[in-house]
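Could you build all of it, start to finish, from the sequences and the hints given here?
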Amino acid sequence: GGMQERDQLPTSPEPDTARLLSPVDIVETFAEIYASERINEALEYVAPNARYVLHIDGAPPPYGGETVGTPALRELLATFRREFDYVLFNCRTMSASGDTVRQRLEFIYRHRKSGATLSGNARLVWIVRDGLIVDCAEYHDAAMVAVFLNYFAGEPPA
Numbered sequence: 001g002g003m004q005e006r007d008q009l010p011t012s013p014e015p016d017t018a019r020l021l022s023p024v025d026i027v028e029t030f031a032e033i034y035a036s037e038r039i040n041e042a043l044e045y046v047a048p049n050a051r052y053v054l055h056i057d058g059a060p061p062p063y064g065g066e067t068v069g070t071p072a073l074r075e076l077l078a079t080f081r082r083e084f085d086y087v088l089f090n091c092r093t094m095s096a097s098g099d100t101v102r103q104r105l106e107f108i109y110r111h112r113k114s115g116a117t118l119s120g121n122a123r124l125v126w127i128v129r130d131g132l133i134v135d136c137a138e139y140h141d142a143a144m145v146a147v148f149l150n151y152f153a154g155e156p157p158a
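Counting from 1, one number per residue, gives the positions in the sequence shown under this note's numbering.
If you are wondering where the hints come from, they were derived from the structure by calculation, not from laboratory data. It is possible that part of the hints are untrue.
Pairwise CB distance ranges (calculated) [stated by the list, open to error]: (1) R112 - L20: 30 to 40 Å; (2) K113 - S22: 32 to 42 Å; (3) Y151 - E44: 27 to 37 Å; (4) L88 - V24: 28 to 38 Å; (5) A35 - S97: 18 to 28 Å; (6) L20 - N150: 21 to 31 Å; (7) G98 - Y151: 37 to 47 Å; (8) A116 - L21: 33 to 43 Å.
From the three backbone atoms N, C-alpha and C, an ideal C-beta is built for every residue, glycine too.
The structure is reproduced here in structure tokens:
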């Protein structure tokens with residue numbers, strides 16, 4: 001009866017709704033969409049000049065270091081998804097303060113070509129400004145990940 005109508009959510013939000021989402025909402029929505037391999041849609045939550053830094057000494061390109069701007073980010077994310085099957089990709093928000101969101105990422109990646117798996121946890125520190133992600137820093141057990149990525153770096157692309 002009348003209860004259902006009152007509880008229904010609006011079916012067509014205004015295009016500017018994203019600007020009203022909290023930094024946590026924006027980061028969690030990005031992660032959820034990216035996890036389902038919808039890279040272009042996920043990048044709608046990312047500022048054009050956004051920066052992603054993977055803090056791993058010794059990781060080979062394109063993985064380690066800094067990637068800036070949505071074209072470069074799109075290519076990097078597509079590379080990750082092309083080379084690895086995400087068996088598990090679980091981002092959990094641990095804390096949020098102002099524009100900064102801290103998450104713990106639990107992951108299992110399977111290298112598609114070899115079948116080798118890499119599992120572990122990472123820390124993600126996101127900065128959101130004006131409704132868009134402007135910065136993401138990812139911290140891993142550096143030695144383990146660098147060894148794994150370097151093991152495949154010498155292989156020709158599939």
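- [ ] If any of the earlier hints don't hold here, list their numbers in rising order.
- [x] Going through the list in order, the structure violates hints 4 and 6 and respects the others.
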